[in-house]
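Visitor: If you read the protein sequences in the order shown, they are chains A and B.
Residues 1 to 406 in the numbering used here are what the first sequence spells out, letter by letter.
Residues 1 to 342 in the numbering used here are what the second sequence spells out, letter by letter.
You may find that some hints are simply not true.
Unchecked claim - Example chain A residues on the side facing chain B (calculated, C-beta under 8 Å, incomplete):
#1 Glu43
#2 Pro89
#3 Ser113
#4 Asn227
#5 Glu393
#6 Ala395
What the hints assert, rightly or not - From chain A, some residues computed to sit far from chain B (all C-beta separations above 12 Å):
#7 Asn22
#8 Lys108
#9 Glu138
#10 Leu141
#11 Ile146
Simulated from the structure, these hints should not be mistaken for lab results.
Quick reminder that beta carbons are idealized off the backbone N, C-alpha and C, glycines included.
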Amino acid sequence: MRKILVTLLFLLFGTSAYADCNIKSGSINILANDFPALRTFVETSKQCKGSADFKVTHSSEHNKIAVPALTANPSEFSARIAANSSIVPLMNQDLIRPLDDLVKKYGKGIQDSQLITIDGKVMAVAFMANTQHLYYREDVLKDLGIAVPKTYEEVVAASEKIRSSGKMQYPYAAAYKAGWNLAEEFVNMYIGHGGEFFKSGSAEPNVNNAKGVATLNMLKKLSELSNPDYLTHDSEAIKVEWESGNVALMTLWASRSGTLLDDEGDPNITKATKLTGPATVGGGNIPAATLWWDGFTLAKNRSDADAEATFRALAHAASNKKMVADAADQAVWLVEGFVPGPKSIGVIEAVKMGAKPYPMLPQMGLMHGALGSEIVEFLQGKESAEQALKDVEAAYTSKAKEQGFL
Amino acid sequence: MPNKTFFWFFLPTGLAMVLFIGLPIISTGVQSFYAQHDQVVKEVKKCDPFGCTVSIVVDNEETTKIREAKPLGKFNGFGTYVDRNHLATEEIKKFWNETETFGEFVDQVTNLPFYKALIFTLTYCIFVTPNVLLLGFIIALSLNAISRKIRGPLIFGTILPMIVTPLVGSLVLFWMIDSQGIIGANIQNLMNDPYLSLKSSKTLTWITIITYGIWHHSPFAFVVFYAALQTVPQEPIEAAIIDGASRFQRIKHIVLPHIYPVVTFVALISLMDNFRVFEPIIGFSAEGSAQSLSWLIYDNLVNEEVILFGSAAATSMMTIIGIAILLAPVLVRTWKEFKTAR
Numbered sequence: 001m002r003k004i005l006v007t008l009l010f011l012l013f014g015t016s017a018y019a020d021c022n023i024k025s026g027s028i029n030i031l032a033n034d035f036p037a038l039r040t041f042v043e044t045s046k047q048c049k050g051s052a053d054f055k056v057t058h059s060s061e062h063n064k065i066a067v068p069a070l071t072a073n074p075s076e077f078s079a080r081i082a083a084n085s086s087i088v089p090l091m092n093q094d095l096i097r098p099l100d101d102l103v104k105k106y107g108k109g110i111q112d113s114q115l116i117t118i119d120g121k122v123m124a125v126a127f128m129a130n131t132q133h134l135y136y137r138e139d140v141l142k143d144l145g146i147a148v149p150k151t152y153e154e155v156v157a158a159s160e161k162i163r164s165s166g167k168m169q170y171p172y173a174a175a176y177k178a179g180w181n182l183a184e185e186f187v188n189m190y191i192g193h194g195g196e197f198f199k200s201g202s203a204e205p206n207v208n209n210a211k212g213v214a215t216l217n218m219l220k221k222l223s224e225l226s227n228p229d230y231l232t233h234d235s236e237a238i239k240v241e242w243e244s245g246n247v248a249l250m251t252l253w254a255s256r257s258g259t260l261l262d263d264e265g266d267p268n269i270t271k272a273t274k275l276t277g278p279a280t281v282g283g284g285n286i287p288a289a290t291l292w293w294d295g296f297t298l299a300k301n302r303s304d305a306d307a308e309a310t311f312r313a314l315a316h317a318a319s320n321k322k323m324v325a326d327a328a329d330q331a332v333w334l335v336e337g338f339v340p341g342p343k344s345i346g347v348i349e350a351v352k353m354g355a356k357p358y359p360m361l362p363q364m365g366l367m368h369g370a371l372g373s374e375i376v377e378f379l380q381g382k383e384s385a386e387q388a389l390k391d392v393e394a395a396y397t398s399k400a401k402e403q404g405f406l
Numbered sequence: 001m002p003n004k005t006f007f008w009f010f011l012p013t014g015l016a017m018v019l020f021i022g023l024p025i026i027s028t029g030v031q032s033f034y035a036q037h038d039q040v041v042k043e044v045k046k047c048d049p050f051g052c053t054v055s056i057v058v059d060n061e062e063t064t065k066i067r068e069a070k071p072l073g074k075f076n077g078f079g080t081y082v083d084r085n086h087l088a089t090e091e092i093k094k095f096w097n098e099t100e101t102f103g104e105f106v107d108q109v110t111n112l113p114f115y116k117a118l119i120f121t122l123t124y125c126i127f128v129t130p131n132v133l134l135l136g137f138i139i140a141l142s143l144n145a146i147s148r149k150i151r152g153p154l155i156f157g158t159i160l161p162m163i164v165t166p167l168v169g170s171l172v173l174f175w176m177i178d179s180q181g182i183i184g185a186n187i188q189n190l191m192n193d194p195y196l197s198l199k200s201s202k203t204l205t206w207i208t209i210i211t212y213g214i215w216h217h218s219p220f221a222f223v224v225f226y227a228a229l230q231t232v233p234q235e236p237i238e239a240a241i242i243d244g245a246s247r248f249q250r251i252k253h254i255v256l257p258h259i260y261p262v263v264t265f266v267a268l269i270s271l272m273d274n275f276r277v278f279e280p281i282i283g284f285s286a287e288g289s290a291q292s293l294s295w296l297i298y299d300n301l302v303n304e305e306v307i308l309f310g311s312a313a314a315t316s317m318m319t320i321i322g323i324a325i326l327l328a329p330v331l332v333r334t335w336k337e338f339k340t341a342r
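Please put together the full structure from these sequences, using the hints given.
Guide: Here you go:
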């Protein structure tokens, strides 16, 4: 009996003793994307919520909710977990608040490198890094005597060899779903070719050039080695393809490696799944990939008390050594005390190879949108690369004009 | 009904319609004539975990000032309507002058997003509406002819496609036609082509969506036709049987004329519904191959990180006009009949 009582007491007070941020009031409501590392992060911040009200919405549709929800006054969410690209619309509409005061007051454990500063003001606090890189099946490559590919040209050659060996029909996979995903693959490949999306110092589009054509041709070659339904496959779908053993080479987000290498699924496939850095393309020396950070931002249209409570809870997670030690294989944490494990190879290699961050420009979202719908017909073989790129520029131009960028 | 009674009877509905349909349409119309203010941008230093760069951001102070002065945005007139992503008048003029054959011109025009979407929407309407009417009528006739004992369960089974939420229905079919799904894999075997995919080919995607549309909408036509069939008077039919009329002749000369107003009604509703085709495109992840006008509006509102209200409003207005044009012949006809009836 006494034992039970002691255990109960320990349970009751154990957690609060573990993380006491001493938050007395305020309400916390977080909007975040839905993948394991973000769930861990939000859970960690919940541990120190004190007596504040705590709510969270994890949704893969977060981009669609964010701007309308934060435009309302008071805003639905007090914090939004954003990334390089999704912070831009919030900045464009002036929906997030500078964090300098709060960082000074409560951000003790946060490292300077975690701070996203724009025009000298801290606008977000990053806690993890992400990129897309190559995954390969060690057993398949070994059987056929193929070296681990370092460039996309080698990926194509390796995939063709695997196909002709009869082992797999569609040996390559990447998230080519028409729309955001496909555009992201174009962005990666175009940057790998050394392309610039806009004429320098302006919002004029600049993708209809030799680099753009080379990018499209490479995407097409890769798509021909993928499952014919590639235009409907997002990250989740290609993960399933991989786990069913249909794919030997894949470009996928680093943040997905955790679920790919967990105990679920065929243990033989999991054992043979290996990670390597992102590939380069067209003889370039920077990888055909973009670096991403995930960080938290605070809504402007929300009371100072809520902002303070939210910041303290999230800062607790963004400087939590225990979290990064426990969840070391879920993400590449930017938090102090993180020791990179085998699942972080992709991001670390990408940084070493000098990968560029995703362009944080106010008009980039429009370009991304135009790419996602206009290059589909080229991949389907319905129009030429030049025509597709011309369409991208034209579609972007009219949108940018309507939006006041041109 | 005296006009006065009708007025009071209709007033609550009328008010609700003005409030929830009329005003939003007017507001959308106004919105479609405005574009965003010119963006005031400034060069700043941005630092993130990967290093610092000098690049541009929107100058919020300046923007707020401009926005407060003119909250609706910059007046753009029909600018949004005629830009490349909508009616594209200038582009079409250019194509007309530059292309040599008419085929080439059509190719260029159908490559523009609005016309691409319009063509899919119209194709969908043209194939789905008559087939829905026909199929619904045939099912209603057959069910009307069979024993009353098994009619109940059969009717329930027949209206199932309508009960299933469009998104769920299309998702189920989406998985079945996957190249590893039951239908997709069998078609590959049948055609002996391992690269055949219903989802990657544009034509096959269109056929899939249209088939799905017919499957989903037929029960509606069936239910209405079945109800109408119950009102067909038996005497003329019996007389026709005695005169030796075949089943086909009876349907053509007695049943069809009797339920004709209902056919018009179903055609009207189906046309309106089909012109707004949207869910199957999302359910089938068919954005790459098939875009409808409704999908364009959705795309402008949610798929971009920057929301394009002006574009969405312009496409909405044109969808309304499109529906009006499509319905005009049917409406004019109904109006004429209504007048002669009085």
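Visitor: Hint by hint, note whether the structure agrees.
Guide: Right, here's what the structure says about each hint:
1. Annotation: interface hint on glutamate 43 of chain A violated; nearest CB of chain B at approximately 23 Å, more than 8 Å.
2. Look at proline 89 of chain A: its Cβ gets to within about 5 Å of chain B, closer than 8 Å, so that hint holds up.
3. Given hint, serine 113 of chain A at the interface with chain B, holds; its Cβ is 5 Å from that chain's nearest Cβ, closer than 8 Å.
4. Evaluation of the asparagine 227 of chain A hint against chain B yields a held restraint, the C-beta minimum of about 6 Å falling below 8 Å.
5. With a cut of 8 Å, the hint placing glutamate 393 of chain A at the interface with chain B is violated, because the nearest CB-to-CB distance is about 10 Å.
6. Hint on alanine 395 of chain A holds. Least Cβ distance to chain B is approximately 6 Å, under the 8 Å limit.
7. Asparagine 22 of chain A, annotated as away from the interface, keeps every beta carbon of chain B farther than 12 Å; the closest lies near 29 Å.
8. Look at lysine 108 of chain A: its CB is around 19 Å from the nearest CB on chain B, clear of 12 Å, so calling it non-interface holds up.
9. Separation of glutamate 138 of chain A from chain B is adequate, the least Cβ-Cβ distance of about 24 Å exceeding the 12 Å criterion.
10. Every beta carbon of chain B lies more than 12 Å from that of leucine 141 of chain A, the smallest distance being close to 23 Å; the non-interface claim holds.
11. At the 12 Å boundary, the C-beta of isoleucine 146 of chain A stays outside the reach of chain B, the nearest C-beta of that chain being 22 Å off.
Hints 1, 5, counting from the list given before, are not met by this structure.
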